[in-house]
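Going down the list, the sequences are from chains A and B.
Under our numbering, think of the first position of the first sequence as 1, with each following residue one higher.
Under our numbering, think of the first position of the second sequence as 1001, with each following residue one higher.
Keep in mind the hints are simulated off the structure, nothing from the lab.
Here the structure is a predicted model, which is why all the values come from computation and not from measurement.
Any given hint might turn out to be false.
Unchecked claim - Negatives, chain B to chain A, calculated, CB over 10 Å:
| hint | residue |
| --- | --- |
| 1 | THR1007 |
| 2 | PHE1116 |
| 3 | GLU1212 |
| 4 | THR1215 |
| 5 | ALA1218 |
Stated by the list, open to error - Okay, derived cross-link-like pairs now, DSS-like style, lysine-lysine, Cα gap no bigger than 25 Å in a straight line:
| hint | chain 1 | residue 1 | chain 2 | residue 2 |
| --- | --- | --- | --- | --- |
| 6 | B | LYS1151 | A | LYS133 |
| 7 | A | LYS151 | B | LYS1151 |
| 8 | A | LYS33 | B | LYS1030 |
| 9 | B | LYS1151 | A | LYS33 |
Positions of the beta carbon are idealized from the N, C-alpha and C atoms, including for glycine.
Protein chains: 2
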Amino acid sequence: MNATATTSGCLYGVGLGPGDPELVTVKAAKILKTVPIVAYFAKKGANGRARAIFGHWVSGSSQQLPLLYPVTTELHFRDPAYTAQLRCFYSKSADSIAAHLLAGQDVALVCEGDPFFYGSFIHLFVRLRTRFKIEIIPGVTGMSGCWSAAKTPIAWGDDVLNVLPGTLSHADLVRFVGASGAAVIIKIGANLAKIRAAVGEAGRMQAALYVEHGTSDAQTIMPLDETPDGHAPYFSSILIPGQGRNA
Amino acid sequence: MNATATTSGCLYGVGLGPGDPELVTVKAAKILKTVPIVAYFAKKGANGRARAIFGHWVSGSSQQLPLLYPVTTELHFRDPAYTAQLRCFYSKSADSIAAHLLAGQDVALVCEGDPFFYGSFIHLFVRLRTRFKIEIIPGVTGMSGCWSAAKTPIAWGDDVLNVLPGTLSHADLVRFVGASGAAVIIKIGANLAKIRAAVGEAGRMQAALYVEHGTSDAQTIMPLDETPDGHAPYFSSILIPGQGRNA
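My request is simple: use the sequences and hints to build the entire structure.
In structure tokens, the structure reads:
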């Protein structure tokens, strides 16, 4: 142990919950009120939803550290150039957080939902975990926010629940949705038309609900087969509820 | 609308999170501090974990309404007598909550984790939803608490996450675990030996972690293949993390 190591700051991976600022945990709110540096992922031009949530809680004297995703819209995510750009972005982001930690400052890296449930936070966690103290503050997931807002119990009794990224192929989506007692499809984005077709092919359209920004002011809930064409916000879910046992 | 209906109380389904009282949401804490009646499920002889969490937040003047599960240990859950006893219990519980709501009192029915994620709350929700105003306050799930406490990212990138009740048959467990990128097995209880055998048969033992009471004072984390024989607490999880994309 050297002096630097013993005085390094702590990295908090803070789940911000599904949208409503009051759905952060008491623990997360406390950390946000006192931590000197709040880091967050953002896209150029997009007014991050994370910011709308943590802005409610952070102290005016804290420093905000935006981690701006590279613009990769012209690249397919299976393109090696996309992967390379993202790796570079995550490494640079880890470095800039490490600099604060080495200076003895605690940093909260916030993420919508839960940090370890499909969160970008994971990419920084794997890069920093051997060098720094890291604490994980779990959060209410975006999907919990969606099924609560829609007043739709998602799984009970012996239901198997499948969580499916909308980035899966059409064939995989059909297969997994068809085999699921209950399913939630996340990461909708530009995949809405593909997902809708797959849910129909799997014979589950009648049960499928589309929920956008559940629990926030921008909340929208509708049957999946009534959704308009186009790009859905990243923070939306498609819910196919289970039937439970002893119903 | 008659006078009774318009002055009925509101039922709050309040998620209590995974164990640490500070992991309830700000919204849940506010409701618990002000609501006149707090109802909770409990087992005879067991000092409910729910109670340890909400006890932290409720006002001294609130009335507590325990809903005591019938003793059914001698019955298998596929036995119709078990189902009948539980149905009767849920109906009586719904009636006792309805009586308070009809008297104009708000009631918080609390549940560990998230109310709509395998929560007993669902059984009362389906019995009361057409008659009363019900609000759902989502919570951090027990499994989120477990993977956060174990510092184990559960799913990222294109991972499919399967949530599997430990009450499934051995054959189903082998099949689902084998087909999963990432899996969480919940409802361990008396099923631990069966689950361990199934995870081994599916070839996933090396990655499997057992977490008990994650985030609470009683937290225990160990590799699944080192777990002692016997009954695991209901609020434990087995985690089989995914590998992600762009790792």
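Hints, verified against the model:
1. THR1007: Given that every Cβ of chain A is farther than 10 Å from that of THR1007(B), nearest at about 22 Å, it holds.
2. PHE1116: 4 Å, violated
3. GLU1212: With a cut-off of 10 Å, GLU1212(B) remains clear of chain A, as the shortest Cβ separation is near 16 Å.
4. THR1215: For THR1215(B), whose nearest Cβ neighbour in chain A is about 7 Å away, the distance does not exceed 10 Å, so it is violated.
5. ALA1218: 17 Å, holds
6. LYS1151(B) x LYS133(A): 11 Å, holds
7. LYS151(A) x LYS1151(B): 31 Å, violated
8. LYS33(A) x LYS1030(B): Holds, because 18 Å separates the two Cα atoms, which is no more than 25 Å.
9. LYS1151(B) x LYS33(A): This hinted pair holds, its Cα atoms lying about 24 Å apart.
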